[in-house]
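Read off the chains here:
Number of protein chains: 2
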Amino acid sequence: MKWGIIDRYAKSLIKEAGHKTRVSFFNQIDIDTKSSANDLVTNIDKEIEQFFISRIKRDFPDHKILGEEGFGDVVQTLDGVVWMLDPIDGTMNFIHQKRNFAISLGIYAEGVGMLGYIYDVMRDDFYHAAKDEGAYFNDERLPQLEITPLEEAVIGINASWVAPNHFVDNEKIIELIRTCRGTRSYGSAALELAYVSSGRLDAYMSMRLSPWDVAGGIVIAQEVGAVATNMKGDFPHLLGQDTFIVARPGLHQDIVTNYIDLKQ
Amino acid sequence: MKWGIIDRYAKSLIKEAGHKTRVSFFNQIDIDTKSSANDLVTNIDKEIEQFFISRIKRDFPDHKILGEEGFGDVVQTLDGVVWMLDPIDGTMNFIHQKRNFAISLGIYAEGVGMLGYIYDVMRDDFYHAAKDEGAYFNDERLPQLEITPLEEAVIGINASWVAPNHFVDNEKIIELIRTCRGTRSYGSAALELAYVSSGRLDAYMSMRLSPWDVAGGIVIAQEVGAVATNMKGDFPHLLGQDTFIVARPGLHQDIVTNYIDLKQ
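Heads up: the sequence lines are chains R and W, in that order.
Residue numbers for the first sequence follow full-length UniProt numbering, beginning at 1 and rising by one.
Residue numbers for the second sequence follow full-length UniProt numbering, beginning at 1 and rising by one.
Calculated directly from the structure, the hints in this document are not laboratory data.
Since we're looking at a predicted model, the values are computed, not measured.
Keep in mind that a hint or two might mislead.
[Claimed, not checked] Straight-line distance between alpha carbons at most 20 angstroms, and here's what the computed EDC-like set of lysine to aspartate or glutamate pairs gives:
| hint | chain 1 | residue 1 | chain 2 | residue 2 |
| --- | --- | --- | --- | --- |
| 1 | R | K2 | R | D59 |
| 2 | W | K2 | W | E47 |
| 3 | W | K98 | R | D139 |
| 4 | W | K98 | R | E152 |
| 5 | R | K46 | R | D73 |
| 6 | R | K98 | R | E16 |
| 7 | W | K98 | R | E69 |
| 8 | R | K98 | W | E146 |
| 9 | R | K98 | W | D261 |
| 10 | W | K232 | W | E175 |
| 11 | W | K57 | W | E47 |
| 12 | W | K98 | R | E140 |
| 13 | R | K131 | R | E152 |
| 14 | R | K98 | W | E152 |
| 15 | W | K46 | W | D79 |
| 16 | W | K131 | W | E110 |
| 17 | R | K98 | W | D124 |
| 18 | R | K98 | W | D125 |
| 19 | R | K98 | R | D124 |
| 20 | R | K172 | W | E171 |
| 21 | R | K57 | R | E16 |
| 22 | W | K98 | W | D124 |
| 23 | W | K98 | W | E16 |
| 24 | R | K98 | W | D59 |
| 25 | W | K98 | R | D59 |
| 26 | R | K11 | R | D139 |
| 27 | W | K98 | R | E146 |
| 28 | W | K172 | R | E152 |
| 29 | R | K11 | R | E171 |
| 30 | W | K172 | W | D59 |
| 31 | W | K11 | W | D132 |
| 32 | R | K11 | R | E152 |
[Stated by the list, open to error] Reference listing, derived: stretches of chain W covered by chain R, where coverage requires no fewer than 3 residues with Cβ under 8 angstroms from a Cβ of chain R:
| hint | region |
| --- | --- |
| 33 | 6-17 |
| 34 | 92-99 |
| 35 | 179-190 |
| 36 | 240-252 |
Think of the CB as a built atom: it goes at the ideal place given N, C-alpha and C, for glycine as much as any other residue.
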């Protein structure tokens with residue numbers, strides 16, 4: 001597999017999709033609802049996904065595509081090359097803020113993350129990595145993450161996991177947020193993963209994410225020494241929803257061991 | 001009072017301070033701690049405040065200055081003209097992220113907000129307003145805010161208020177975050193106020209803020225029809241700490257009436 005060519009192709013495709021997305025703000029955004037009011041989808045989401053799929057299918061016909069909007073393939077195994085795509089990660093931000101959303105793409109071969117991309121479209125900030133070749137923020141190589149104790153950590157976590165919920169013991173989460181230095185919530189898993197990889201957050205966690213939310217970010221995170229797993233400490237399930245945590249080494253172990261008590 | 005001249009002066013001063021702040025990243029940031037590890041202060045914070053004070057004292061010697069770092073005046077009344085300044089709002093973001101912080105300035109005459117400024121230094125985004133003359137995002141006039149029901153609202157609230165705390169009944173806050181569309185937390189009161197004024201958030205609240213955190217943002221918020229009060233519904237106390245909420249009209253009343261149960 002010529003990964004250098006695929007890397008340059010993917011970067012170019014993402015930049016073109018970002019440009020289309022920015023241009024789309026000149027038109028009216030048509031909003032319809034998927035399963036709930038919390039799960040907003042726009043026409044632009046769908047158009048951008050279809051743009052990616054038509055190009056990838058034409059130029060890499062034997063690759064499979066797993067996309068949030070469902071226009072890709074029915075992917076039941078991670079055999080071969082699989083592109084895992086979220087054309088607009090942070091749809092609610094996209095609609096309400098016209099910023100703070102990202103294109104997220106991970107390219108996996110036989111289940112191993114080879115290339116990862118997170119593009120903050122409105123800031124024009126590009127996080128990217130190739131397996132064993134390091135991670136970059138735009139043209140700048142990202143350094144290996146150092147250890148930070150929980151007391152000095154800023155954690156990305158949504159307030160909904162601090163309230164009683166079906167996934168995790170919230171009393172332990174309350175203890176976690178009282179012990180750490182502070183919490184943030186940006187509403188885009190991909191951007192929060194990018195923030196951990198670039199040292200702007202020390203950890204990020206969610207009790208329910210899909211493969212396309214994290215596939216690109218995991219490749220980037222691993223290149224800087226961040227640990228990305230589900231809440232059981234295993235590699236995240238990439239064929240369905242799973243819990244998720246990414247953190248600096250040491251901090252990851254501390255949080256999973258001492259502050260996560262799964263209900264299922 | 002020549003408010004037009006003061007307005008142009010303040011804008012120029014803020015831009016110059018922003019430039020100094022960006023340049024400061026080329027040097028090492030020396031961090032020391034104020035009252036706790038959660039209350040970080042940098043040398044740059046202090047230098048920027050002293051820069052503002054020396055200029056204002058020279059050019060407007062009869063004005064008073066209330067600044068976060070304490071180099072300003074001892075302000076015990078809101079008589080005369082008072083500049084309320086936070087040279088770096090979001091200090092933790094400043095240190096950990098080198099972004100997502102703001103210069104916040106409000107200029108009040110006899111307790112009335114005349115001029116308000118929030119400058120997102122790293123994005124180079126400037127939110128500004130003059131009383132009765134409208135609010136602006138860079139050169140673009142911000143429209144009046146329309147009514148949004150709670151079910152469609154995205155609220156800026158830190159996870160710490162969802163956990164049991166000394167200020168407010170957190171059971172009601174849990175109900176609030178379950179009813180709204182989503183929550184965010186950016187770690188800068190000034191930026192979250194700017195986000196409400198520009199329609200990117202529908203409400204923002206905190207149980208403990210200081211005058212310099214909100215003084216500039218209140219002037220901007222009022223110009224677009226947002227309602228900014230403490231949690232009792234009164235104008236925030238500008239000589240000490242207070243609770244704070246800013247929200248679209250209607251939504252403000254709904255939250256304060258139905259979801260806030262103060263403990264003191």
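Quiz prompt | Which numbered hints fail | solution = 2, 7, 9, 13, 15, 24, 25, 28, 29, 30, 32, 33 and 36
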